[in-house]
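What follows is each chain in one-letter form.
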Amino acid sequence: MEILTEYGDQLVTAFTRTIQLAALSAVAALVLGTVLAAMRVSPVWALRTVATAYVNIVRNTPLTLVVLFASFGLAQQLGITLVDPKSPTSITDSSFRLAVLAFSLYTATFVCEAVRAGVNTIPVGQSEAARSLGLGFTQGLRYIVLPQAFRAVIGPLGSILIALIKNTTVASVIGVAEAALLMKEVIENTSALIVVGLIFALGFMCLTLPTGAAFSYLSKKLAVRT
Amino acid sequence: MTISQNPETTLDREAETGGPQIMISMQGVNKHFGPLHVLRDIDLEVARGQVVVVLGPSGSGKSTLCRTINRLETIDTGSVSIDGRALPQEGKALTRYRADVGMVFQSFNLFAHKTILENVMLAPQKVRKLSKVAARDRAMALLERVGIANQADKLPAQLSGGQQQRVAIARALAMEPKVMLFDEPTSALDPEMVTEVLDVMTSLAKGGMTMLVVTHEMGFARRAADRVVFMADGQILEDTTPEQFFTTPATARARDFLGKILSH
Numbered sequence: 001m002e003i004l005t006e007y008g009d010q011l012v013t014a015f016t017r018t019i020q021l022a023a024l025s026a027v028a029a030l031v032l033g034t035v036l037a038a039m040r041v042s043p044v045w046a047l048r049t050v051a052t053a054y055v056n057i058v059r060n061t062p063l064t065l066v067v068l069f070a071s072f073g074l075a076q077q078l079g080i081t082l083v084d085p086k087s088p089t090s091i092t093d094s095s096f097r098l099a100v101l102a103f104s105l106y107t108a109t110f111v112c113e114a115v116r117a118g119v120n121t122i123p124v125g126q127s128e129a130a131r132s133l134g135l136g137f138t139q140g141l142r143y144i145v146l147p148q149a150f151r152a153v154i155g156p157l158g159s160i161l162i163a164l165i166k167n168t169t170v171a172s173v174i175g176v177a178e179a180a181l182l183m184k185e186v187i188e189n190t191s192a193l194i195v196v197g198l199i200f201a202l203g204f205m206c207l208t209l210p211t212g213a214a215f216s217y218l219s220k221k222l223a224v225r226t
Numbered sequence: 227m228t229i230s231q232n233p234e235t236t237l238d239r240e241a242e243t244g245g246p247q248i249m250i251s252m253q254g255v256n257k258h259f260g261p262l263h264v265l266r267d268i269d270l271e272v273a274r275g276q277v278v279v280v281l282g283p284s285g286s287g288k289s290t291l292c293r294t295i296n297r298l299e300t301i302d303t304g305s306v307s308i309d310g311r312a313l314p315q316e317g318k319a320l321t322r323y324r325a326d327v328g329m330v331f332q333s334f335n336l337f338a339h340k341t342i343l344e345n346v347m348l349a350p351q352k353v354r355k356l357s358k359v360a361a362r363d364r365a366m367a368l369l370e371r372v373g374i375a376n377q378a379d380k381l382p383a384q385l386s387g388g389q390q391q392r393v394a395i396a397r398a399l400a401m402e403p404k405v406m407l408f409d410e411p412t413s414a415l416d417p418e419m420v421t422e423v424l425d426v427m428t429s430l431a432k433g434g435m436t437m438l439v440v441t442h443e444m445g446f447a448r449r450a451a452d453r454v455v456f457m458a459d460g461q462i463l464e465d466t467t468p469e470q471f472f473t474t475p476a477t478a479r480a481r482d483f484l485g486k487i488l489s490h
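Protein sequences appear in the order of chains H and C.
Once you know that position 154 of the first sequence is 154 in the numbering used here, the rest is easy, because the numbers rise by one and skip nothing.
Once you know that position 210 of the second sequence is 436 in the numbering used here, the rest is easy, because the numbers rise by one and skip nothing.
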C-alpha cells in the first residue's frame, strides 16, 4: 500500500505518457496503414511493390530494433531528432517523438494487413458497380471499398491497438518515461517484484480491457448488413 | 432498323443518309480466358434507341460480351466504341466513358453501407459534380419512377431483390447514360419479382433508351426487343428480329436452345 502512496503521482504521470504514446501512434499508424493498404491493392505495379516490401521488412523486424533504430540510427547517426535542439526539453521530447515514429511505422504494417484483409472481404461487384458509374480507382476506394473494409475489420484493429498499448513499454529502452520505465525504477527501489508487477499489469488492463470492449461494441454496431 | 452482318457498308450508308446513329459498335472483338476463346470475331452494332436482347446457352460468352463494352473485361483484339467514341484503355478518359454507359448487374451490387437514396446520389455528385440538392432531386425523381421513393432511407439489405434491382436501374439512370447494359438483370430474382423489374425495363425501352440486354426472359425479348442476337461458343450465330428468331430460327444451335427453353 505504501508503494501506491509513495509512487501514486508518478504512476499517473507515467501512464499518461503511455496513453500519449499509444494514442498518437495509433492515429498515425491508422493513416499510414490505410495508405499502405491502398497502395497494396492499387493497379500500379510500383506502388504495390513498394508497399509490399515495406510491410514485409518492417513487420518482420523486432519492435525493439525498430525503436533502437529510430533512436540510434536516426537521432544519433543522422541527427534527425524531430525537435528544436535549443529547446530545454529537447532530449525527452526527441525520445518521445522518435518512439511515436517507431511505433507508428511498425504498427502501420499490421493495420495495412488488417485493412487489406477487409478489402478482400468486399465482393468484387461493389467496386465493379463503382467503376461502371464512372468513379475512378481512388474514388471507388474512398467512397465504397474502404468504408466497408474498415467496418469488417474493426475487431482485428482493436487487437492491433491493444498490442500497440502493450508494445509502448518498449519505449523504455530509449528512456521514454512511460509506465515500464517507472516499473523498473520502483522494483529496484522496493524489491517488491510481484506486487509492483501486479500493479502495473492492472494499470495496463485498465487501458486495454475497455479498448477491447469498445471495439467489440463498434464492430457489432457498424457491421454492414448484406 | 440496322441489322448489320456487314457493318462497314451499313455505317457508310447511314452516315450519308443521316439515318439512325450507331450508339454501340463492336468490331472484330476477340477475347480469351486462358485457353478458352470466349469471344470470337464479334461484330455488333446497336443504333440509337434500339433494344437488343442477347440470348444463348450459359458459357456462350454473352455476359462477357456485355462486360467488354465498358471494359469491366478487357479485350484481346478488335475495337469497341460508344456513340463514335473509342473505348479508352484507362485513366480519366475511361472513367468519363464509363459515366456514359449505365450497367445493371445480375447481383444488383448496390453499395451495402449506403442508403437507397445515397446509392443513387453518389455518382452524380462525385462524377458529374452535381450539387447535393440537384443530385437529391434527380435521385428522388428516379426512385419515384421505379416505384421505390418511399424506401429512400433504407439500406439495400432491407429491400427485396426486385426492389434492389429497380434501385440499381435508377442508380445507373441517374448518370443520364447514353446506353444501358443489362447483364442478366432478373437471373438472381425470385420468380414473383421478375415482372416488376421487367416492367421498368420495358418502359425504359419504350422511352427510347439504347439498351443491350443479356437475359433468359423470352417474354421480354418478344415484347420489348427490336433485335435478338443469339450467341453460342463465343460467336454470334444469329442477329435478327424477335419474331423471326422465335418462329423460324436459322441455325440448329438456336433451334436446340429454344427447344430446351420453351419446352418446360
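Derived by calculation from the structure, the hints in this document are not laboratory data.
If you're wondering where the values come from, they're calculated on a predicted model, not measured in any experiment.
Quick reminder that beta carbons are idealized off the backbone N, C-alpha and C, glycines included.
The reader is advised that the hints may include incorrect statements.
[Said to hold, decoys possible] Here are a few chain C residues that sit away from chain H, every Cβ distance over 10 Å (derived from the structure):
no., residue
1, 269
2, 283
3, 327
4, 338
[Said to hold, decoys possible] Here are the computed distance ranges between Cβ atoms for each label pair:
no., chain 1, residue 1, chain 2, residue 2, range
5, C, 376, H, 45, 24 to 34 Å
6, C, 360, H, 138, 17 to 27 Å
7, C, 469, H, 45, 44 to 54 Å
8, H, 43, C, 376, 38 to 48 Å
9, H, 45, C, 428, 41 to 51 Å
10, H, 20, C, 302, 54 to 64 Å
11, H, 43, C, 383, 23 to 33 Å
12, C, 386, H, 82, 31 to 41 Å
13, C, 256, H, 82, 49 to 59 Å
14, C, 386, H, 217, 42 to 52 Å
15, H, 166, C, 383, 33 to 43 Å
Consistency of the hints with the structure:
no.: 1; hint: 269; verdict: holds, 24 Å
no.: 2; hint: 283; verdict: holds, 23 Å
no.: 3; hint: 327; verdict: violated, 7 Å
no.: 4; hint: 338; verdict: violated, 5 Å
no.: 5; hint: C:376 - H:45: 24 to 34 Å; verdict: violated, 48 Å
no.: 6; hint: C:360 - H:138: 17 to 27 Å; verdict: holds, 24 Å
no.: 7; hint: C:469 - H:45: 44 to 54 Å; verdict: holds, 52 Å
no.: 8; hint: H:43 - C:376: 38 to 48 Å; verdict: holds, 40 Å
no.: 9; hint: H:45 - C:428: 41 to 51 Å; verdict: holds, 46 Å
no.: 10; hint: H:20 - C:302: 54 to 64 Å; verdict: holds, 57 Å
no.: 11; hint: H:43 - C:383: 23 to 33 Å; verdict: holds, 30 Å
no.: 12; hint: C:386 - H:82: 31 to 41 Å; verdict: violated, 57 Å
no.: 13; hint: C:256 - H:82: 49 to 59 Å; verdict: holds, 58 Å
no.: 14; hint: C:386 - H:217: 42 to 52 Å; verdict: violated, 31 Å
no.: 15; hint: H:166 - C:383: 33 to 43 Å; verdict: holds, 37 Å
Taken one by one, the earlier hints fail for this structure at numbers 3, 4, 5, 12 and 14, listed in ascending order.
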